[in-house]
Amino acid sequence: MNEDSNPTSGDDSIPRSKEDRRKDHIPVAFERRSGLDRRIPEEKRRMVDPVTCEKEYTDEETAFLKAIDLYKRINRRPFPTCCEVLEVLKALGYRKVAEPTPLPGLPMPKSQA
Numbered sequence: 001m002n003e004d005s006n007p008t009s010g011d012d013s014i015p016r017s018k019e020d021r022r023k024d025h026i027p028v029a030f031e032r033r034s035g036l037d038r039r040i041p042e043e044k045r046r047m048v049d050p051v052t053c054e055k056e057y058t059d060e061e062t063a064f065l066k067a068i069d070l071y072k073r074i075n076r077r078p079f080p081t082c083c084e085v086l087e088v089l090k091a092l093g094y095r096k097v098a099e100p101t102p103l104p105g106l107p108m109p110k111s112q113a
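Residues in the sequence shown are numbered from 1 upward in steps of one, following this note's numbering.
The list that follows gives simulated cross-link-like pairs (lysine-lysine, DSS-like), each with its CA atoms no further than 25 Å apart:
1) K55 - K72
2) K96 - K66
3) K72 - K90
4) K90 - K66
5) K66 - K55
6) K72 - K96
It should be emphasised that the hints constitute simulated quantities derived from the structure, not laboratory data.
Could you build the full structure based on these sequences and the hints that come with them?
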């Protein structure tokens with residue numbers, strides 16, 4: 001095989017000695033670049049739950065929400081597990097002392113209706 005048959009060798013290759021063409025000033029009809037950094041960080045949006053935004057919380061609910069928020073911040077857990085929520089409830093002093101009742105929102109069994 002001779003040197004002429006190899007496309008990457010010899011004078012047939014692309015000249016790489018020229019400066020970066022992005023540095024060349026080429027006139028354009030309309031300059032689209034503003035010169036400002038397009039990646040300016042925007043202010044963080046606050047998450048607003050439309051269901052609870054106008055609700056008046058009881059003292060118990062407020063204490064629970066604050067305790068959960070504190071737990072999430074200290075442990076860097078944005079979404080605590082059910083077990084972690086139970087730990088927070090126990091830390092607030094809640095204990096199971098009564099017999100279980102039907103969950104709110106569930107239809108009553110036909111035998112009790």
